[in-house]
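**Student:** Spelled out, the chains give:
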Amino acid sequence: MGNLINRRNIVALLGIVLIYALVQGLIVTEIMPPFFKLTIILITIYIILSTSLNLITGITGQFSVGHAGFMAIGAYLSAIFTAKLHYPLVLGLIVGAVVAAIAGFLVGLPTLRLRGDYLAIATLGLGEIVRIIFLNTEYVGGASGFTLASKITWSWAYWLMVISVLVIKNFTNSTHGRACIAIRDNEIAAEAMGVNTTKYKVLAFTIGAFFGGLAGGIYANYMYIIQPMTFNFITSFNILVMVVLGGMGSLTGSILGAIVMQVINAALAGFPEWRMVITALLLVVMMIFRPTGLMGTKEFSLNFLRKKGESNAA
Amino acid sequence: MGSVTQQIIQQFVNGISLGSIYALIALGYTMVYGIIKLINFAHGDVMMVGAYVGWFATTVLHLSFLPALLLAMVACAVLGMLIERIAYKPLRNATRIAALITAIGVSLFLEYGGMLVVTADIRTYPPVFPDTMYSIGGITFKYGDIVMIVTSVVLMLLLNFIVQYTKAGKAMRAVSFDKDAALLMGINVNNTISITFAIGSALAAAAGVLTGVYFNTIDPLMGIIPGLKAFVAAVLGGIGIIPGAMVGGLVLGMTEAFVSGLGWSTWRDAVAFLILILVLIIKPSGLFGKNMREKV
Amino acid sequence: MLLKTENLSISFGGLKAVSNLNIEINAGELVGLIGPNGAGKTTVFNLLTGVYAPTEGQMLFEGKSIVGLKPFQVTNRGIARTFQNIRLFGDMTVAENVKIAYHQHATYTTASAILRLPAFYRGEAEMEKEAAELLRIFHLESKAGELAKNLPYGEQRRLEIARALAAKPKLLLLDEPAAGMNPQETQELMKLIRWIREHFHLTILLIEHDMSLVMGVCERIYVLDYGTTIAHGNPEEIKSNPKVIEAYLGEEVV
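Which chain is which? The protein sequence lines are A, B and C, in order.
Taking this note's numbering, the leading residue of the first sequence gets 1, the next gets one more, and so forth.
Taking this note's numbering, the leading residue of the second sequence gets 1, the next gets one more, and so forth.
Taking this note's numbering, the leading residue of the third sequence gets 1, the next gets one more, and so forth.
It cannot be assumed that every hint is accurate.
[Said to hold, decoys possible] Here are some, though not all, of the chain B residues that point toward chain A, as calculated from beta-carbon distances under 10 Å:
hint, residue
1, V74
2, I97
3, D131
4, M133
5, S135
6, M254
7, L280
8, I281
[Unchecked claim] Derived list of chain A stretches under chain B, where covered just means 3 residues or more per stretch with a C-beta under 8 Å from a C-beta of chain B:
hint, segment
9, 159-171
10, 193-204
It should be emphasised that the hints constitute simulated quantities derived from the structure, not laboratory data.
All C-beta atoms, glycine included, are put in the ideal place defined by N, C-alpha and C.
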């Protein structure tokens, strides 16, 4: 425990609590307009989505364009448990995340041999298949989806986001995370250095899918209604844009990317076509001039607060 | 002829028409992938632009089928070359992910930019063909079916001729095989790539016009699903391999026709993706492809 | 007998890249594998490390078969390798490159990492220490925080060897370790190879084209041509073997 108590972590914790308290205060005193609240909660959901996709694509190098599929599974499963079967929210969220994780495991295994473009297309196809399955399932309302009560508050969304990001960060900054990065960097060398590449690719997919599903569950229990078309390829692509914009391999980047994209979305909410056109242009321009994204592979770190000799690990 | 056999052959005919559209689009995907190893996500949307140009030609300029077709093909050839020069050329040495993301970006730009320009309203093609139906042994062929099949076949034969017997075609094959060696042999790689895009886009435009004429309605998002399915067809046949795209397109079209015929049309799209997954898992190099090893 | 192959063969399509290879290596030996370009030397390494599966024959390491093992399992058994074309993790630091090889000996689980349990901190501290020690031996300690892709070529080659050693192998396979080195660097490399054999109690099998290194450092040499051994013996015997000279026709055998 002693390792965890240092200047950096204390400052970080203070910052995290401060943000929570600030927003919570604005909500409780009803100063915050509903549209802002919606945007802020969507930001937390997309932060979970972008960081979890980053784990799969940025850190482990497995190009996945079907993340909306995991989100859909989490959304529908948790909605079924909370709205149809009347179980408590916590259980619904956990079930959604776990089933999504299982899906991630099942996706990870057979797609192992695929590289780059092929893996991208395969994951795209799988994401679409998931959506079409829900589209054709009457129990969950088919194309019109179904409605449910909104039980997610700012507290739920924020702290779940903090936990998610922390888990992913702790995983990445460990030998297991390094194994994943090695796979991304040079898979053959990683294998030669004793890394079980199969295990880690599947693990990355499973953990990434878990949090994708969790985000989906939070989304479903906040938005009053879920429909298959929300979880289409465009959504997967939007999440990918957030990861790429922030810098693949950088968790801070993913957080930034999610914030930037959602702010743009909110600002242009009245003009959906313009929003897409601008996003598309932004993307193309960024790929041409700064493909490494805002942060590259670097992280924002509080290392400048480190005492001399203190390790990087915490 | 027995009614079941009749049904099957009817689906077969429907499948060939559908399949020839997929084949025309798939050819563009496969040629571009063969030459610069890029999945041109925007290709389906080029088909959409072709459909709109064709609509404009028939509705506003009152041209007949062939001139409209030619106009669309030329327009999209130019569009394809522009896209390549502006968006893909700068990324020729970038990572595959960057190139793929750019392609998706171009695709979205065409779709939603299109919506801004022509609005999301559905347009209808004027009746370009007579309504005649032919019946052989209880199986119906529309006039449109025949035009579609004949046009596709003619275009594919033309493509084959260009690729096999012209200098440009030889250059295309050389650059697909080894870009650097082709460069060293004095081939103008940039022009060859442009020509490849031009031809591929022209074929997509033809598919767009045929779709518009056959199915009557067009909208800015019409290229997405056929584009994805044509990509599946290209992968099925073996990406980068021209005959593969033709065969893949036909197989996919017929499979889809059968699935619809069996009454599962809401699952039609899923079937295409399922085929994709199966191909990628069982034999990623496709029906006609060879396995390539990475050198250690 | 540490390593033994029996009639090891592999064919790619119609081409038999390696045929009926029979080599034996005892613990502690320093053995060379030489031959003209295309003779199949790297293919042998790829067979031994599980990258390729043999079409015929047997490979025994410490008496147990290693045929059919995946590369990471071969590494776990105690065989590590370097690559002909350097395969470092370019975007990771020098220290991280070395730590990867320690991963298979990692003492904490994913759960410990996520929950930041004491086992995580202990494990990381240990890896940090061992990596630092290894880097010190290879004179790379000052570059520990540098990205591997930014190192000069010679240091990259050293790092590649250091990383392989971090895997704590019993048998080290070096694939053309002297490639691109000048005579002085090669001399230092020879000293290094002898030294690590002593210090780490290793057995070493190396592929090399630089004859001064091979003749200077190897106790025994196998000569490969067109996938089969054409000669086997100590440096003196190999130097004067007419078949070897013929295979290398035109090359200076110093």
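**Student:** Each hint: holds or not?
**Tutor:** Hint check results:
1. V74: 25 Å, violated
2. I97: 6 Å, holds
3. D131: Violated: closest Cβ of chain A sits about 33 Å from B:D131, beyond 10 Å.
4. M133: 33 Å, violated
5. S135: Check failed: Cβ of B:S135 comes no nearer than 35 Å to chain A, outside 10 Å.
6. M254: 20 Å, violated
7. L280: 5 Å, holds
8. I281: Given a least distance of 5 Å, the restraint on B:I281 holds.
9. 159-171: violated (count 0)
10. 193-204: violated (count 0)
The structure fails to meet hints 1, 3, 4, 5, 6, 9, 10 from the earlier list, while all remaining hints are met.
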